[in-house]
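Student: In UniProt numbering, the protein residues as written are 1 to 242.
Honestly, I wouldn't trust all of these hints.
[Claimed, not checked] Result set (EDC-like, lysine to aspartate or glutamate): computed pairs, CA atoms no more than 20 Å apart in a straight line:
no.	residue 1	residue 2
1	45	17
2	39	14
3	63	23
4	159	148
[What the hints assert, rightly or not] Restraint-style ranges between C-beta atoms, simulated for each label pair:
no.	residue 1	residue 2	range
5	238	214	16 to 22 Å
6	12	221	20 to 26 Å
7	29	91	25 to 31 Å
8	228	2	37 to 43 Å
9	178	242	25 to 31 Å
10	87	217	22 to 28 Å
11	178	97	34 to 40 Å
12	107	229	20 to 26 Å
13	230	42	34 to 40 Å
14	196	160	26 to 32 Å
If you're looking for bench data, these hints aren't it; they were derived computationally from the structure. Note that CB positions come from ideal geometry on N, CA and C, so glycine has one too.
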Amino acid sequence: MLNPGERLDQLLREKYEIIQNDDVFSFSTDALLLGEFTKIRNKDKVMDLCTGNGIIPLLLAYKSQSNIKGIEIQEALVEMAHRTIRHNHLDDRISIDLMDLKNVSNVYKPSTFDVVTVNPPYFKENQQMQHQKEAHKIARHEILCTLEDVVKASKHLLKQGGKLVMVHRAERLMDVLSAFRQYSIEPKRLKMVYSTPNKPEAVTILVEGRSGGQAGLKVEQPFYIYDANGEYSQEMKAVYYG
Numbered sequence: 001m002l003n004p005g006e007r008l009d010q011l012l013r014e015k016y017e018i019i020q021n022d023d024v025f026s027f028s029t030d031a032l033l034l035g036e037f038t039k040i041r042n043k044d045k046v047m048d049l050c051t052g053n054g055i056i057p058l059l060l061a062y063k064s065q066s067n068i069k070g071i072e073i074q075e076a077l078v079e080m081a082h083r084t085i086r087h088n089h090l091d092d093r094i095s096i097d098l099m100d101l102k103n104v105s106n107v108y109k110p111s112t113f114d115v116v117t118v119n120p121p122y123f124k125e126n127q128q129m130q131h132q133k134e135a136h137k138i139a140r141h142e143i144l145c146t147l148e149d150v151v152k153a154s155k156h157l158l159k160q161g162g163k164l165v166m167v168h169r170a171e172r173l174m175d176v177l178s179a180f181r182q183y184s185i186e187p188k189r190l191k192m193v194y195s196t197p198n199k200p201e202a203v204t205i206l207v208e209g210r211s212g213g214q215a216g217l218k219v220e221q222p223f224y225i226y227d228a229n230g231e232y233s234q235e236m237k238a239v240y241y242g
């Protein structure tokens with residue numbers, strides 16, 4: 001089942017296993033936070049954009065009985081995700097498509113999904129310090145899709161009143177909120193993620209917007225990954241272990 005360079009990692013709370021390869025893609029804490037932040041119901045139709053090796057669909061499959069689809073542009077990651085889904089016997093609930101999200105309007109009917117989740121590339125294409133491995137560049141830099149591409153695709157996919165849930169870098173908060181409003185997805189929930197209580201600058205943001213929603217943003221309590229002693233916080237332990 002595993003190819004050279006791959007390993008099988010455990011999701012302890014969810015009791016699933018996922019195929020990872022550091023040379024291609026391995027999920028980060030941000031994916032776990034996005035899965036935790038996302039609210040879904042059992043009958044929701046869910047789409048995960050930039051799905052990578054399928055980590056977000058796995059996390060959401062634990063939370064509900066929803067039908068979950070994913071879109072990923074890198075063929076190697078889609079193939080890994082397919083094997084992970086089969087290994088966890090989730091073929092009847094999760095499906096991953098190999099495609100460019102900029103083409104969703106040619107493949108999916110408009111207003112089809114209740115929830116769209118996305119952990120998009122964070123860094124602008126011309127930003128310095130790009131990662132050397134091509135697969136990492138595509139996953140982390142806006143080479144094959146931009147923030148606007150992601151939000152535009154989400155708007156096409158979402159039903160009226162449907163939710164877009166995104167994790168991104170804190171430094172790009174205004175870019176995210178502006179893109180949401182540009183495509184009539186009103187920001188409704190915002191959570192700031194900090195490394196520790198001792199560091200005043202947020203590192204990550206979690207945002208939920210509603211397609212065609214009314215204005216009114218709820219800023220939730222901040223999330224701390226580590227406590228003051230450098231150990232995982234109680235809330236982070238809950239994400240990992242339940």
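Student: Take the hints in turn and mark each one as holding or not.
Tutor: Against the structure, the hints:
no., hint, verdict
1, 45 to 17, "violated, 23 Å"
2, 39 to 14, "holds, 16 Å"
3, 63 to 23, "violated, 29 Å"
4, 159 to 148, "holds, 19 Å"
5, 238 to 214: 16 to 22 Å, "violated, 32 Å"
6, 12 to 221: 20 to 26 Å, "holds, 24 Å"
7, 29 to 91: 25 to 31 Å, "holds, 28 Å"
8, 228 to 2: 37 to 43 Å, "holds, 39 Å"
9, 178 to 242: 25 to 31 Å, "violated, 36 Å"
10, 87 to 217: 22 to 28 Å, "violated, 40 Å"
11, 178 to 97: 34 to 40 Å, "violated, 29 Å"
12, 107 to 229: 20 to 26 Å, "violated, 49 Å"
13, 230 to 42: 34 to 40 Å, "holds, 39 Å"
14, 196 to 160: 26 to 32 Å, "violated, 40 Å"
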